[in-house]
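Chemist: Protein chains in written order, with the numbering used here: chain A, -15 to 55; chain B, 19 to 251.
Hints in this document: simulated from the structure, not taken from any laboratory.
For each residue, glycine too, the CB sits at the ideal point set by N, CA and C.
Any given hint might turn out to be false.
Claimed, not checked - Where chain A lies over chain B, by a calculated footprint (3+ residues, C-beta under 8 Å): (1) 71 to 83; (2) 139 to 152; (3) 156 to 170.
Here are the chains, one letter per residue:
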Amino acid sequence: MFDVGNVLMMVERVIAILGTTIYLIFAVVIVKQVTTMTHQIKDKFNGILIAFSYLHLLFSLLLALLSWTLL
Amino acid sequence: MNRSGNLDTVAPDDQITESLKTEKKITELGEPVDPELRQKVYDILGHTKHALSAFLVRPHVFSFKERDEEEEILVALRPHWMTNVGWILIAIAMTLGPTLIKSLALINGLPAKYQILGGLFWYLTTFAFAFEKFLSWYFDVYIITDERVVDIDFNNLLNKKFSEAKLSMIQDVTSRQIGMGQTMFNYGQVLIQTAAEINELRFDNIPNPDKIVKVLQLMREEEDMEAIKGRTK
């Protein structure tokens, strides 16, 4: 039997998983971007910025893993 | 034969070594920069108060990839901090967003796992938004060295623009401050007309544009003088 509730849940799940995966790719791009920028311009806070970009990537990975396992 | 621990006391060779070093330095660097002019420039520019300043005078840590070894950075500029106020306010509003939504009981109907994931996603997006804005500000730099003016700009994620003009190529420098905010907080635009391939360099929203104009005029005059001297020799 065709259940609208189930289909909606499936759509939500697909959107969430797809969204978090795209976000994970975006986080990798940010790391790449910060690395390129800090390579071009050297300043006092470059280390902190690199650390933040990796921290962001770590949380994005956590979010993606949560969405893949919880949903 | 026993040798003394301090060789200089036995055979002082400081003078010879020093003169060799100086000679090497002059041949490597070319014409040494006039220290009087340098002092004048620093007198106009003043001092930097903190490392995150938008007006870094004679920065010790700051450098850029295309910099020559002997090139001295006189000042590194970023857009004035006032240009950051807009996105900081938006980031604060975004941070407070979930609290407001919770207090209005708008998402109470959603399952807990969706609420957790949604919250985490929202805060990460907020962080990414603020981080991107900060990066755009931090890496949008204008540099004046003792040889050239440089504009380094990262337009979007991985797009870098590098423009430069030798000081001798500068033809005209003008500054512009538009509106109450720029006048009150003393920031604005500096337009540098050059005879180089890129005929205009624009420093947007930089602090103390009048000081930059003065410094560039001074440096340009010095370059002109050097050119005249070179011709008469």
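Chemist: If a hint holds in the structure, say so; if it doesn't, say that too.
Modeler: Tested hints:
| no. | hint | verdict |
| --- | --- | --- |
| 1 | 71 to 83 | holds (count 6) |
| 2 | 139 to 152 | holds (count 7) |
| 3 | 156 to 170 | holds (count 4) |
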